[in-house]
Amino acid sequence: MRGEGWRFWLPVAALALFAAYSSQKLVRAHVDPSVDSNDYTFRRELPGRRGSIYDATGTPLVKSVPVWDYHLDPVALTNRVVRRRGEPPRPRAAIVKTIANALGLDFRKVLAMSEDVRRRYQPLAISSDPEAHRILADSHLVAGVSIEDRQIREYLQRRRLSHVLGSVNAEHHGSAGIELKYDNYLTGVPGEIRGMKDARGRELYDKRIVSVDPVPGADIYLTIDHTLQYEAETALAAGMSEFQPGSGWCVVLDAKTAAVLAMASLPDFDPLCFGSAKDSAKLNRVTNFTYEPGSVMKVITAAAAFDSGFAEPGRMYSTQRYDDRYYKLPGDGSHVWEPMMSIKDAIVHSSNIVMGKLGYDMGPQRLWKYMKAFGFGERTGIELPGEEVGILRDWKKWDKATWSRAPIGQGVAVTAIQLASAYQAIANDGLRMRPHIVDRIVGANGMELYRHSDEPIGRPISVSAARKLRAAMLGVATRNGTARRAAIRGYSVAGKTGTAQKSIGRTYAPGLYRATFCGIVPATNPRLVILVTLDFDERRKFHQGGNSAAPVFRRIATAALRYLMIPPDKPEELDEFADEDEFDRMMDERARALD
Amino acid sequence: MKRNRRRSKKMSVMASRSMHIGAVMVMFFVMVILNLLASSSCNQMMKSIGEKEKTLAKLEDERARESARWDAMKTTDNIDRALLRFGLSMKYARAEQIVRMDSAGRPKPGQLAVARARKGSSLKTSGVARNR
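Protein sequences, first through last, are from chains A and B.
Our numbering puts the first residue of the first sequence at 1, with every later residue one more than the last.
Our numbering puts the first residue of the second sequence at 1, with every later residue one more than the last.
Incorrect hints may have been included.
[To be verified] Within a straight-line C-alpha distance of at most 35 Å, the following computed DSBU-like cross-link-like pairs (lysine-lysine) qualify:
#, chain 1, residue 1, chain 2, residue 2
1, A, K197, B, K47
2, A, K207, B, K54
3, A, K97, B, K54
4, B, K108, A, K256
5, A, K181, B, K74
6, B, K54, A, K197
7, A, K197, B, K91
8, A, K570, B, K91
9, B, K91, A, K256
10, B, K91, B, K108
11, B, K58, A, K109
12, B, K74, B, K91
13, A, K256, B, K54
14, A, K97, B, K58
15, B, K91, A, K207
Since the hints were made in silico from the structure, they are not lab data.
A quick note: this is a predicted structure, and the numbers were derived from the prediction, not measured.
Can you build the whole structure from these sequences, using the hints too?
So this is what it looks like as structure tokens:
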């Protein structure tokens with residue numbers, strides 16, 4: 001027997017090999033995608049949840065929520081309710097009533113839908129109510145209702161911040177705002193299950209071949225603070241209803257880091273109805289809209305003069321408009337009455353003549369160089385889609401009119417974020433930081449995929465020039481300045497008004513203006529840069545920056561200073577005006593009397 | 001003798017073969033039974049895993065829905081609306097109402113609220129003295 005064992009073991013080994021080979025072939029056949037559609041195998045995709053968007057405090061702004069999508073099939077509804085023994089058949093009207101009550105729909109509308117038997121897939125509602133689902137999934141109560149599991153995007157703050165957050169399309173991909181810009185990060189990776197099923201279509205759990213879990217999308221944390229956003233939007237909406245402009249926008253920047261703390265543009269849109277919103281409502285006017293800034297640019301002209309050593313704040317200019325040395329200087333209104341005026345006073349009273357002369361004297365090259373250094377004519381790089389570049393032609397192409405008008409903000413076009421960014425440089429002692437709105441991106445496993453690090457993008461002016469400029473701007477929001485209504489009790493405000501005529505075609509439209517106020521608070525230790533613009537489509541009494549945009553600025557700044565608990569830098573004023581509203585009332589009355 | 005020897009050798013070979021076959025059959029049946037047992041246990045486990053997977057997915061969905069509902073309730077607009085229902089309106093504290101403390105719990109110097117409080121208390125004291 002010894003030495004003859006192979007006669008037995010050889011066929012056994014051959015049989016084992018054959019069995020192993022067959023089983024391998026069987027497994028491979030199931031993994032092969034070409035056999036997915038047969039009667040015994042199935043493939044189920046597991047959706048990867050889209051990432052959420054949070055504000056700087058970790059408060060969720062946008063989330064994906066699983067819901068049930070209900071559709072009605074009128075044909076299936078007829079006499080299809082599974083009856084319990086002894087129960088009479090439920091009439092159609094009773095079934096329709098159950099459906100309508102569960103989903104909170106109008107009974108007559110659902111009844112009309114149930115009678116239209118030509119359409120067998122009629123959308124009823126999308127609901128996340130588990131009680132409604134329990135009723136509609138009960139085949140003893142309801143028939144003809146198909147239920148699909150879906151995910152919808154829930155914009156928790158509704159219309160707030162709609163331009164920043166954007167929207168998603170029917171395929172759950174971003175179509176605007178952060179949703180579009182960071183679609184790759186937010187979109188999750190779907191998982192899948194492949195396996196075998198029995199004759200009744202039920203999964204055979206022990207025959208599962210592939211099981212890959214879905215990977216949820218990354219979460220995005222913005223620099224926006226939802227409370228400041230609320231205050232900014234509320235103040236802007238109040239300003240819109242008080243002064244009746246066609247549109248308005250505002251942005252609040254951190255003076256040190258250029259982080260966007262709030263950004264609002266009105267009119268806005270409902271992110272859930274993005275497709276049906278008007279184009280004018282979809283436009284984020286802070287980043288995607290360019291306009292002539294007007295007098296707010298005088299600060300840039302003064303910055304160029306102070307930094308280059310061309311002039312000091314005390315240098316005097318004549319307010320005489322007609323002077324042969326200058327080409328077509330813009331006129332001043334009745335608010336400038338002194339025959340001679342310093343550059344500092346020209347900022348306070350917003351003198352077109354003095355600033356025009358100063359810009360003309362400096363020459364176009366120098367002014368253009370500083371405008372470029374402040375970031376005009378190029379994108380800031382903020383993480384929002386569709387940012388505009390603005391218009392700043394090369395100084396060699398400037399004609400004499402541009403030469404005398406660019407110093408007062410005509411002949412150039414900017415975006416609000418560019419303007420706020422330039423003021424941020426002044427607030428930050430000349431150091432310009434890249435404006436940003438995304439703080440960090442965190443993957444589903446908690447790993448940080450991206451974190452913003454503050455990025456200086458240039459130093460357009462020196463520390464001393466920035467301080468001189470802020471000191472000159474301090475007078476604007478005082479009893480004698482153009483923006484009395486921007487003054488805040490207890491805090492110093494360095495700002496500048498702008499009332500820019502709107503151009504239609506090649507000419508300026510009479511009576512139509514864009515009113516702007518851009519301010520830095522507190523001026524002695526800057527923490528916030530706030531820009532407000534109101535765009536008037538019709539003639540209005542209060543269309544000036546100091547009378548319409550400045551009060552909106554004050555509302556936003558007052559709320560922001562209190563919310564952030566920034567200590568006052570003029571505490572003596574708090575004693576002088578003990579009544580909180582007395583100061584505002586006094587400034588408002590003075591502003592109205594001077595108008 | 002020689003024939004008998006051959007015969008007995010043949011019989012012993014047959015006996016040995018039948019023992020082998022018997023052993024293989026026993027082994028086969030044992031393996032079949034073990035396989036059936038393992039398969040059944042596996043099936044049970046997979047069924048239970050499947051059920052748990054479904055329950056987990058359902059609970060996760062429910063948690064996501066509840067969390068979104070809770071988050072929506074906490075928005076600034078909704079809190080404001082809820083307060084207004086009770087006739088309440090909230091404002092941020094004014095600068096003079098805020099007292100900043102150092103790590104030791106003492107108010108930081110130069111604060112208006114502190115100065116006012118001290119002024120008020122000194123006036124009160126002097127008033128009391130006069131009354132006396």
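Here is how each hint holds up against the structure:
1. K197(A) - K47(B): holds, 13 Å
2. K207(A) - K54(B): Roughly 17 Å separates the two Cα atoms, so the pair holds.
3. K97(A) - K54(B): holds, 31 Å
4. K108(B) - K256(A): holds, 24 Å
5. K181(A) - K74(B): Given that 35 Å is the threshold and the Cα spacing comes to 27 Å, the pair holds.
6. K54(B) - K197(A): holds, 16 Å
7. K197(A) - K91(B): Violated, at roughly 62 Å.
8. K570(A) - K91(B): holds, 21 Å
9. K91(B) - K256(A): Roughly 27 Å separates the two Cα atoms, so the pair holds.
10. K91(B) - K108(B): At roughly 24 Å apart (the allowed maximum being 35 Å), K108(B) and K91(B) satisfy the hint.
11. K58(B) - K109(A): holds, 31 Å
12. K74(B) - K91(B): Satisfied, since the Cα-Cα distance of roughly 17 Å is no more than 35 Å.
13. K256(A) - K54(B): This hinted pair is violated, its Cα atoms lying about 50 Å apart.
14. K97(A) - K58(B): holds, 27 Å
15. K91(B) - K207(A): violated, 63 Å
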